[in-house]
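Student: Model the full structure from these sequences, guided by the hints.
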Amino acid sequence: MSSRVTLKDIADMAGVSVSTVSRVLNGTSEKVARDEVKDKILEIARNYKYIPNKTAQSLQKGNVSSKTKQYKIGVIFARLDKDDYNPFFMKISRTITKEAVKAGHIVDFVILSAALRNSSAKEFFKNHPVDGVVILGKFDQWLLDKVKMNISSYIYVGLNKLLYSNLDQVVCDGYSAAVTAVNYLGDQGHKNIMYLGEVRGEGRYKGYMNTMKFLGLETPRDAIVECRFTIKSAYSAILKHYDPKYTAIFCGNDISGIGAIQALSELNYKVPDDVSVISIDDIDLIQDFTPLLTTVHIPITELGSMSLRMLLERIERVRDIPVTVQLPYQLLERQTVKSIK
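Okay, so the sequence shown: first residue is 0 according to numbering that gives the first Met the number 0, each after it adds one.
Keep in mind that the hints were calculated from the coordinates and are not lab data.
Hints are supplied without guarantee of correctness; some may be wrong.
Claimed, not checked - Calculated cross-link-like contacts (lysine-lysine; reagent style DSBU-like; alpha-carbon spacing at most 35 Å):
(1) Lys7 to Lys39
(2) Lys147 to Lys205
(3) Lys205 to Lys239
(4) Lys340 to Lys239
(5) Lys212 to Lys145
(6) Lys231 to Lys68
(7) Lys190 to Lys239
(8) Lys125 to Lys7
(9) Lys212 to Lys269
(10) Lys71 to Lys147
(11) Lys145 to Lys190
(12) Lys121 to Lys160
(13) Lys145 to Lys39
(14) Lys125 to Lys160
(15) Lys212 to Lys125
(16) Lys231 to Lys205
(17) Lys68 to Lys121
(18) Lys160 to Lys231
(19) Lys231 to Lys212
(20) Lys68 to Lys160
(21) Lys7 to Lys145
(22) Lys212 to Lys147
(23) Lys340 to Lys269
(24) Lys205 to Lys337
(25) Lys145 to Lys48
(26) Lys48 to Lys7
(27) Lys244 to Lys337
(28) Lys212 to Lys68
(29) Lys190 to Lys340
(30) Lys190 to Lys147
(31) Lys212 to Lys39
(32) Lys125 to Lys190
Keep in mind the model is a prediction, meaning the values are calculated, not measured.
Tutor: Structure representation (structure tokens):
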């Protein structure tokens, strides 16, 4: 293999066609390959520091303006464990990697925050020097402290707007999305509504609680079913805690919704005939399940695109003032909510 990896090299290593690699790296089609194939292609591109032909030629000729200068980017999953699979954050990471590579930049690492907790962050960043970092998902103070000590440019992406005045943020307001979802259930006549998801510091939980209070609806202790935002955790929680007095379940994200529906099916409850389910995200994965999940659409690709754009602005010192960009959401009425009015 030559010193500079090519599209054909990546295709050979991934076991796919050159055209598939090209479409994945250029982002010309969301449906060009399965997510696991996309991730494999992007991982190879990252590991071999792939540079598109036009950008490579510009770098070799020295024709590098501020717009084409090459930067190294890092991505940190703040809230995932090694056994978690979260399509929401994976798609954001995938978008960042695709658009960075397309622009001639290098995504040097994509890691879980645990990699910085369990080892020396200073040593890690010394071995992986980057110009900027994208933090995906709400984080604890220790992670921000470690990033700030080693990296000058960083940005947060997620569904919870954080109370940091000196932090660039790209968010889609999970609190307001939850308010919309619970109000929709109320409009359909549901009064006994269960919450399924994470609780501590979670805007979606707060949105549920405040909307239930506004609607004059009760939230007894068994209405709050706390679980991690994973299919497995949600599935186990519903198997253990679901009570048929609840006619609807608000799930904090789509994969929790998938887990809930699978558990309800095992308990012999039909969705939406026996119980309605609504969630937040609109990930691609829900297209593979029936009934089709009613959800609040979050512009996931745009979160990734905007975060990279803003990080590059910060790296290039286009601005010094922290900026928070809030993207819109949209309720998608599908097949898992039944009116009982």
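Student: Now tell me if each hint is right for this structure.
Tutor: Quick rundown of the hints versus the structure:
1. Lys7 to Lys39: Measuring from Cα to Cα gives roughly 14 Å; hence the hint holds.
2. Lys147 to Lys205: holds (29 Å)
3. Lys205 to Lys239: Within the cut-off at roughly 23 Å; holds.
4. Lys340 to Lys239: Status holds; Cα separation ~29 Å.
5. Lys212 to Lys145: Measuring from Cα to Cα gives roughly 39 Å; hence the hint is violated.
6. Lys231 to Lys68: violated (43 Å)
7. Lys190 to Lys239: Given that 35 Å is the threshold and the Cα spacing comes to 22 Å, the pair holds.
8. Lys125 to Lys7: holds (32 Å)
9. Lys212 to Lys269: Roughly 28 Å between the alpha carbons, so the hint for Lys212 and Lys269 holds.
10. Lys71 to Lys147: holds (17 Å)
11. Lys145 to Lys190: violated (45 Å)
12. Lys121 to Lys160: Given pair Lys121, Lys160 holds - Cα atoms ~28 Å apart, limit 35 Å.
13. Lys145 to Lys39: holds (29 Å)
14. Lys125 to Lys160: holds (30 Å)
15. Lys212 to Lys125: violated (50 Å)
16. Lys231 to Lys205: With Cα atoms ~23 Å apart, Lys231 and Lys205 stay inside 35 Å; holds.
17. Lys68 to Lys121: The given pair, whose Cα atoms are some 26 Å apart, holds under the 35 Å limit.
18. Lys160 to Lys231: holds (27 Å)
19. Lys231 to Lys212: Measuring from Cα to Cα gives roughly 30 Å; hence the hint holds.
20. Lys68 to Lys160: Distance of about 31 Å is within 35 Å: holds.
21. Lys7 to Lys145: Violated, because 38 Å separates the two Cα atoms, which is more than 35 Å.
22. Lys212 to Lys147: The given pair, whose Cα atoms are some 39 Å apart, is violated under the 35 Å limit.
23. Lys340 to Lys269: Given that 35 Å is the threshold and the Cα spacing comes to 18 Å, the pair holds.
24. Lys205 to Lys337: holds (24 Å)
25. Lys145 to Lys48: Holds: Lys145 and Lys48 sit about 25 Å apart, inside 35 Å.
26. Lys48 to Lys7: holds (14 Å)
27. Lys244 to Lys337: holds (15 Å)
28. Lys212 to Lys68: violated (52 Å)
29. Lys190 to Lys340: holds (10 Å)
30. Lys190 to Lys147: violated (46 Å)
31. Lys212 to Lys39: It is violated: about 46 Å lies between the C-alpha atoms, which goes past 35 Å.
32. Lys125 to Lys190: Violated: Lys125 and Lys190 sit about 55 Å apart, past 35 Å.
Of the numbered hints listed earlier, those contradicted by the structure are 5, 6, 11, 15, 21, 22, 28, 30, 31, 32.
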